[in-house]
Every structure is written in structure tokens, then in C-alpha cells.
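Since chain A is already given, all that's left is putting chain B on it; use the hints.
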Amino acid sequence: RKEVEQDPGPFNVPEGATVAFNCTYSNSASQSFFWYRQDCRKEPKLLMSVYSSGNEDGRFTAQLNRASQYISLLIRDSKLSDSATYLCVVNGGTGRRALTFGSGTRLQVQP
Amino acid sequence: EPEVTQTPSHQVTQMGQEVILHCVPISNHLYFYWYRQILGQKVEFLVSFYNNEISEKSEIFDDQFSVERPDGSNFTLKIRSTKLEDSAMYFCASSESGARNYGYTFGSGTRLTVV
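For the record, the sequence lines run as chains A and B. Sequential numbering from 65 applies to the first sequence in the working numbering. Sequential numbering from 3 applies to the second sequence in the working numbering.
The following block holds chain A by itself, in its conformation from the complex (with noise of 0.2 Å):
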């Protein structure tokens, strides 16, 4: 088993669509987990941590199951902008800072 996988897409969507994108990870002792996004090239930047309570950050919504060891995030009212890969990210376990990527989801966003 993969210890981040992910759907690799494309997900092509219109602008001001609704899109969510999944995530799973084999380490339960994994502590801190994010989102990043990744334009064509360029280094991954973080997009948001991701809390067991859940967290919102503007148009973006990320969820944690710990139970499930399950990650999600939700993009609202997409935008052009929006399109690039996003890659879900774990780390090692407690004290550990070593990060752990998925291969990542491409998101297109179309006019």
C-alpha cells in the first residue's frame, strides 16, 4: 500500500464549480498533515494544515479522519487560479519532521 495515495486526476472543471479531492495514508502514527499546491515546475507551497476539528480557509475546506487515516479537501466557487496539482502531505509520526507527499491531484479549472 501506497503511504500517501491519492487520485492523480485531471479533475477538469468549469469555473465556480464545487471540487473535492481525497486522500489516504498508512501511517497511523502520523501527527501533522497538510495541503499543498504545486504549479507546473515550480516548489510546493503550503496551502493549509489539516485538524482533526476541521479548518476553512476562505474557499478551501479540509477535513481529517483520523479513524478512516483519510484526508479531504474541498475547493468552492473554483477559479482559474486554482488549477495546478495539490499534494496531500503527512508526516512520519510524533517528533518526526521528515514529510511524506502523495503523488499529487491535477485540478483544471476551464472558463
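Don't read these hints as lab results, they were simulated from the structure. For clarity, every value in this text was computed on a predicted model and none was experimentally measured. Just so it is clear, CB atoms sit at the ideal spot from N, CA and C, and this is done for glycine as well. Not one of these hints is a red herring.
The calculated DSS-like cross-link candidates involving lysine-lysine, where the alpha carbons are at most 30 Å apart (straight line), are:
1. Lys-109(A) with Lys-143(A)
2. Lys-106(A) with Lys-85(B)
3. Lys-109(A) with Lys-85(B)
4. Lys-59(B) with Lys-85(B)
5. Lys-44(B) with Lys-106(A)
6. Lys-109(A) with Lys-44(B)
7. Lys-59(B) with Lys-109(A)
8. Lys-106(A) with Lys-143(A)
Some chain B residues near chain A, calculated using beta-carbon distances under 7 Å:
9. Lys-44
10. Val-45
11. Phe-47
12. Ser-50
13. Glu-58
Relative to the frame of chain A, chain B by itself:
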């Protein structure tokens, strides 16, 4: 906004040569990292560095790799004898100490091409 600076942006080297990739982390950060991304593949952890020593490393980070913080600002990755399969984008990152949910800041990367 503070940023992590990497140089050069692109490095071409012959197989078997040594390369040094340079990074200037964010000034008040205490943890430093190197990751790599082979074209079309996922980002992979290489090594983390704290308090002037390696704190974690992956299986990829074998004896041909080394890291150094030669002064108060730079953080380098050395690859002693490059192989074709070392061709990748190498990202440096840094983070503050503190809350466990704090993410990193990545530099814009060095594209290493081994020929």
C-alpha cells in the same frame, strides 16, 4: 514575505562529477531540509538538519550525499559522484520549531541534470 533562496536554478554536470547545491533558509528558522523530485514523480524526503547535525535521513540519502551548514546562513547539499538517476529537481526547505502542524517553506529549487 520571507523566502528560501536556492542557487543555482539549473545545474548541468557530467556523470561522476561532484556538485554542491546551495540554499539560504529563512533567517529565524531552525530546521532545514532537502527534498528531491524526479520529473513526473512525487516529492521525496532526503534529509533534515537541526542544531548542526542530521536529525533524519531517508534511504535515498546514502554515502554519496552530504549536507553542511558552513556558516550562519547557508545550507548545502553535496553529491559526491553524480549518477544519471540523480537528475531531478532538488528543493531546500526550512521551518521554525514549534507547533507540530507548522508546514515548511520551500525554495524554488535547483534543477540538476546529469549527462
